[in-house]
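Colleague: Position chain R relative to chain U; hints supplied.
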Amino acid sequence: MTDRNGRLKNGMAIFKRTLHGTIVPVVLLIVWEALTQSGFINPQILPAPSQVLLKWIDYLKPLEPYDPANMSYLTWFFSGELPHDALASIIRVVGGFGIGAGLALPLGLLMGGSARFYQLMNPLVQLLRPIPPIAYIPLAILWFGLGNPPAFFLISLGAFFPVLMNTISGVRTVDEIYIRAARNLGASGATLFLRIILPAATPHILTGLRVGIGVAFIVVIVAEMIAVNNGLGFRILEAREFMWSDKIIAGMITIGLLGLAIDTGMDRINRYLLRWHRGMDQ
Amino acid sequence: MNDLSSPQLQIEGVSKVFGSDGTEVVALKDINLSITAGEFVCLLGPSGCGKSTLLNAIAGFSLPTCGRIVANGAEVVVPGTDRAMVFQEYALFPWMTVAANISFGLEIKKIPKAEIIKKVATLLEKLQLREFSDRFPKDLSGGMRQRVAIARALALDSPILLMDEPFGALDALTRRSLQEELLRIWMEFKKTIVFVTHSIEESIYLADRIVVMTFRPGTIKQVVPIDLSRPRDVASNRFITIQKQLSQMVMEEQMRFQKDEAEHLRV
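Quick note, the sequences are listed as chains U and R, same order. First residue of the first sequence: 1, per our numbering; consecutive thereafter. First residue of the second sequence: 1, per our numbering; consecutive thereafter.
Chain R extracted, bound-state conformation:
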């Protein structure tokens, strides 16, 4: 088990450079961050700030050019089931039913069938998906699909949950209800969550700490701890004050992003 004093996720001097000869893009530059067990951290920033790149590096899909990432006491070199991912697009397997999607990871772990059935039933119940278990993803709404994606990730029992703008495509109401559900799950299962978003409001609503990132090269601009008690009131003065503060920071980076985009068009 992790002892509480040592971080569950340690990012040490991570840089990531894409491309080669001439057209190099520095996506991440010297990122240092340490996340303790049970913490809810949001990575916030405009497009091109490298927040998804950092998440993919933690997941092990694309390793850093230099620096290292240590998760659960081991250096990340390949994707692993100790770092379950919920993707931004609908990455459910469309040819599998809801239940089959959730049990896929368990089958690979060679867990006994009876146990899989029990576990899937529990997860279906927890995420209010029971009556959808035999449906294919195409029959579900966006919100339902992301519930399945969360259930699929939870099935792995991984201590770390990585989420790449999971609610980005949902309408505001569905989004809020899934955020609440996620907080409930986070507390119940005691997960460490790294959550990528470009919504300031979402990050304040969810996170213990918000890591604001800069536009290209992606560096940490500032780490903002959110000490509001949960459930958080989005209309409270404190919430709005923090929102203004963060908004200013993020907008600076957004401006840089837009300027860069315009320059590229001119070339």
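The shape of chain U in the complex, shown without the other chains:
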């Protein structure tokens, strides 16, 4: 009985909290809707939220009616413009992030682990690090032309430095006491690195990965505006040319939702990998 009561209470608490959190957005939407509906704001400049929602559904919907002879239901269901754009953007983020983080992680471990290698590489890293990935756009196009290659280049560059810097500092700031304890227990060399230094550095490394994928997501939008002709970034720029402000906003909202999904996913992974870490449980 008490257990059931407790669960009920808990459910109520969550419901209340959710309700509380929706007040501000709902009020904002109502005011926005009212302002545009009353003609106070030109819908060309800022369309009503209802119009954005309709456009968003339109953007999401398959372009052609369902025909079982042509394709499976699932393929048809995701054949709209928005799913295609979102998928293209996700592939670029994941691919670019994979390349950038995949290069930064071993380099960071090496630089963090070896003082000599650090001294060798650090000046170059410090010089390149402040250059924003956006500044590489002209060079990227010059080197790779248009299309996916410059996009992947820019995105991986964006993910590279956050992962690198955090991995280096993670390895370099491992508490000396763990290393002493491990050496006392007979660990050295690769064992010391893989079983002590690497796990001790994971909180930092994961922070780097999370920042890295965030930057990759920013850069993908920019890269798509410049170099390719699909993806969410391309679509909102294209919509501007036709003055489709509703589609621009629908695209922006999709970008926001995708970013949120990626961050939530990273948070889940963090929580699992750092389940041993103090302050990780609520």
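Because the hints were derived from the structure by calculation, they are not lab data. One thing to keep in mind: the hints can contain errors.
Claimed, not checked - SDA-like mimics (lysine to any residue), calculated; alpha carbons at most 20 Å apart, straight line:
{"id": "1", "chain 1": "R", "residue 1": "K221", "chain 2": "R", "residue 2": "T241"}
{"id": "2", "chain 1": "R", "residue 1": "K109", "chain 2": "U", "residue 2": "L194"}
{"id": "3", "chain 1": "R", "residue 1": "K109", "chain 2": "U", "residue 2": "R180"}
{"id": "4", "chain 1": "R", "residue 1": "K109", "chain 2": "U", "residue 2": "R183"}
Modeller: Only chain R this time, still in chain U's reference frame:
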């Protein structure tokens, strides 16, 4: 095996100087001490008397500037599993479960898996940690964590156990129960223990011999043998007499420490 007449741990003319050019600090100066197998020795003194420095030198983490240390018949040059250490901070690996912490040293020794499992189970049982074997250190109380740290050190089967203020952060009751447990383990496993503390009471409760150290440079002020039978009664007259005696000695050094600290602030 060690024969009883030769010491298990021999410290010969050990000095340790930290820093260079101008700002040298003499942490240890000409320490001579010999500890026989199965002995329980406490290093006692105020902060800055070099007791932890001496322990770290025995462990092989930071070697003496001059002099030498011979442990188990070999000169100490690197950390070794023949001198297991229990640290003052919580040096358990937080990403490993209790069982994984204890088995870590055994895995490095490449001991067969079945044997490791058996050994870890025995140690968990001995230190009353059985139901915590799959927990992470963050889920344990301070006392429990130090039990794990002791179990991890015991797993190595090293003849010498080095302890650096292991109970310093515990409350009085937990501290006493762990002291009793440590004595039990010491007798059962016949370890040689070098135990660093700044608690006079703790040192009298535990040690066969107390080495009182001076504040900077760290030298041996006096070696006090404690011949009270165990379990020791902290309220007995003898205990209190020894406590007063030691207290006077340690306080002299504490005063020097405080004076030095004040001088440094003035500069």
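Colleague: Next step is simple, just say for each hint if it's right about the structure.
Modeller: Each hint, compared with the structure:
1. For the proposed pair R:K221 and R:T241, the alpha carbon gap of about 19 Å is at most 20 Å, so the pair holds.
2. Note on R:K109 and U:L194: the hinted pairing holds, with a Cα-Cα distance of about 16 Å set against a maximum of 20 Å.
3. For the given pair, R:K109 sits about 17 Å from U:R180 by alpha-carbon distance, which is consistent with the 20 Å threshold.
4. This hinted pair checks out: R:K109 and U:R183 have alpha carbons roughly 12 Å apart, not beyond 20 Å.
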